[in-house]
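Undergrad: What follows is the residue order along each chain.
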Amino acid sequence: MAVTGSKAADIKTRQRKWEEWKRGLPIYFMILPGLLFFIVFKYVPMGGILIAFQNYDPFDGFLQSSWVGFDHFQRLFQDPDFWKIFRNTLMISALNLFLFFPVPIIVSLLLNEVRLKWFKKGAQTLLYVPHFLSWVVIVSMTVLLFSAQDGGINNLLSTMGYERIELMTNPEYFRMVYLFQVIWKEAGWSAIIFLAALASVDPTLYEAATMDGASRLRQIWHINLPALRSTIIILFILRLGHVMDTGFEHILLLQNSLNIDVSEVFDTYVYRVGILQAEFSYTTAVGLFKALIGLGLVYLANRASRKIGEEGVY
Amino acid sequence: MKSITATRSFSLFNTLVYLVLGLLLLIVLLPCLYVLFSSFSTKSEMLSRGFYLIPKVWTLNSYGYLFSNHNFTASYWNALQITVGGTALSISATTLMAYGLSRTWLRGRKPLNFMVLFTMLFSGGIIPTYLLTSQLGLLNSYWSLFLNNAILPFNLIVMRSFFQNTPKELEEAARIDGCGEWNLFFRIILPLSMTSVATFIMFYAVFYWNSYFQAILFISDSQKMPLQVFLRQIILESGNSLESVTDGYEFGPPVKMAVVVMASIPMLVMYPFFQKYFDKGMLVGSVKG
Chain A
1 MAVTGSKAAD
11 IKTRQRKWEE
21 WKRGLPIYFM
31 ILPGLLFFIV
41 FKYVPMGGIL
51 IAFQNYDPFD
61 GFLQSSWVGF
71 DHFQRLFQDP
81 DFWKIFRNTL
91 MISALNLFLF
101 FPVPIIVSLL
111 LNEVRLKWFK
121 KGAQTLLYVP
131 HFLSWVVIVS
141 MTVLLFSAQD
151 GGINNLLSTM
161 GYERIELMTN
171 PEYFRMVYLF
181 QVIWKEAGWS
191 AIIFLAALAS
201 VDPTLYEAAT
211 MDGASRLRQI
221 WHINLPALRS
231 TIIILFILRL
241 GHVMDTGFEH
251 ILLLQNSLNI
261 DVSEVFDTYV
271 YRVGILQAEF
281 SYTTAVGLFK
291 ALIGLGLVYL
301 ANRASRKIGE
311 EGVY
Chain B
1 MKSITATRSF
11 SLFNTLVYLV
21 LGLLLLIVLL
31 PCLYVLFSSF
41 STKSEMLSRG
51 FYLIPKVWTL
61 NSYGYLFSNH
71 NFTASYWNAL
81 QITVGGTALS
91 ISATTLMAYG
101 LSRTWLRGRK
111 PLNFMVLFTM
121 LFSGGIIPTY
131 LLTSQLGLLN
141 SYWSLFLNNA
151 ILPFNLIVMR
161 SFFQNTPKEL
171 EEAARIDGCG
181 EWNLFFRIIL
191 PLSMTSVATF
201 IMFYAVFYWN
211 SYFQAILFIS
221 DSQKMPLQVF
231 LRQIILESGN
241 SLESVTDGYE
251 FGPPVKMAVV
261 VMASIPMLVM
271 YPFFQKYFDK
281 GMLVGSVKG
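Protein sequence lines, in the order shown, are assigned to chains A and B. The first sequence begins at 1 in the numbering used here and counts up one residue at a time. The second sequence begins at 1 in the numbering used here and counts up one residue at a time.
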């Protein structure tokens, strides 16, 4: 009896499972186009990484090309250019992580202190604007303003008796220009997420703090910053995972033969050598190295954030 | 009462807040205004006067000159096609998949979600993507741009959590009335979700309109290049000088300013119409999915 009873239950759960699959059928059709996209255009290229272990020849194709094991990686680690690119990438990431990252937080704290509604809204609207401009436009604007011969700012400098600045070609300025442009474009927009977190702070906290005689600065320190804590941590982890991504389009646009020693990063190198010089296998190895470091960093950062009692990104 | 006196007595703090924000606004606005006003200026004034914000002579000559240039109009038209086509495809695929993944009862939902998330952490990289696109015969076709960017995972995840927050009662009521899954989505959930959809239409439009790298990666036919590539050609490839010549056309300083303006205008015009949706549409799901 007991056996048949569990059998009947078995059949019942199986039936229920089947019902659920059937009910989901229309939903699976909705998911299908997206699923195909992820498989074909995201996961197939991941399989394509295998050419890093081949001497890939487009004429022979993936199946006929010869396997070479870790040869490309050996070449990579022995190449002094590789270490230079590695260092450049880390330097630019450091700018992003430590100098850009706090700016949107400060902007959101400032905007949050504004009591005049029209000013707050107006300022927000205008500070978001640069986010909608392309990197091409932003780099072009910089060139138009700073062109050594007849850029507006340089004209101004020379009429005031100063020397013209070679902003776009002098490698010394490259990192500064990069950082300033990133801040200019994204600081306002990136503040949205922090503003949302600040909007959800219980207003009675401020009242209580005022009663206790806390100044506005102390309120920011003891109420606003703790309210932003988990958002800051999550966004920092996400950024950390993209340490190797330095804003490809942006750097490619700023790059020229004069500043290449400081401006060459993994992405631009892969593009230049891989696509333009058709060194597919070697640059796929470079790309894989980059992607693995990124993946490792997210994993570590996520574990760290869980250790200190935050949620983490996954 | 007390809070009012507190704010008054700390006017120094307030002044500082407005001062810093004012400075930031100036830094954002001044370059934009300089480029905008200069595009209505004359070449001779720009070269002789050096630096100024408000031109003495206003003219539309730069724009007239620009619109008579075949390369400019062609690239503008290309950019419009890419933006409209890409946005339509992306928003459809993203909305459908986001809705599907938001159904918590769906079997196999977890692995599907992970599959999406993983692509945000790891990717095949430029070379394998390029080789795949080339093997599919998509090089030099706008399909290479559309299909490679059909769904931006971040948009998908935020949209999914938006759909997850639509009231369950609505769904149950519709189902009792005999509404199937497709009807439920198209007739009830989608119309209610237009704030979120509008936000992502804008995001995708900005992405396609502004994209430069993918165009030079996948498209080599100069007749098919979008506006951003044209802009880069006339401004950056002419070296450090403001004068540049392509196909016998001379691009003096004001004309270049005009190209920058024309490359930004569509998105800046769209932006105020969509802005009211951003806070609501995007933040419902907060940072996390």
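Among the hints, a few may not be true.
When the alpha-carbon atoms are kept at most 30 Å apart in a straight line, the in silico DSBU-like pairs for lysine-lysine are as follows [unchecked claim]: (1) 12/A x 276/B; (2) 56/B x 43/B; (3) 168/B x 276/B; (4) 168/B x 22/A.
None of these hints come from the bench; they were simulated from the model.
Undergrad: It remains to establish, for every hint, whether it holds in the given structure.
TA: To see whether the hints hold, each was checked on the structure:
no., hint, in the structure
1, 12/A x 276/B, "violated (50 Å)"
2, 56/B x 43/B, "holds (12 Å)"
3, 168/B x 276/B, "holds (26 Å)"
4, 168/B x 22/A, "holds (20 Å)"
Of the numbered hints given earlier, the model fails hint 1 alone.
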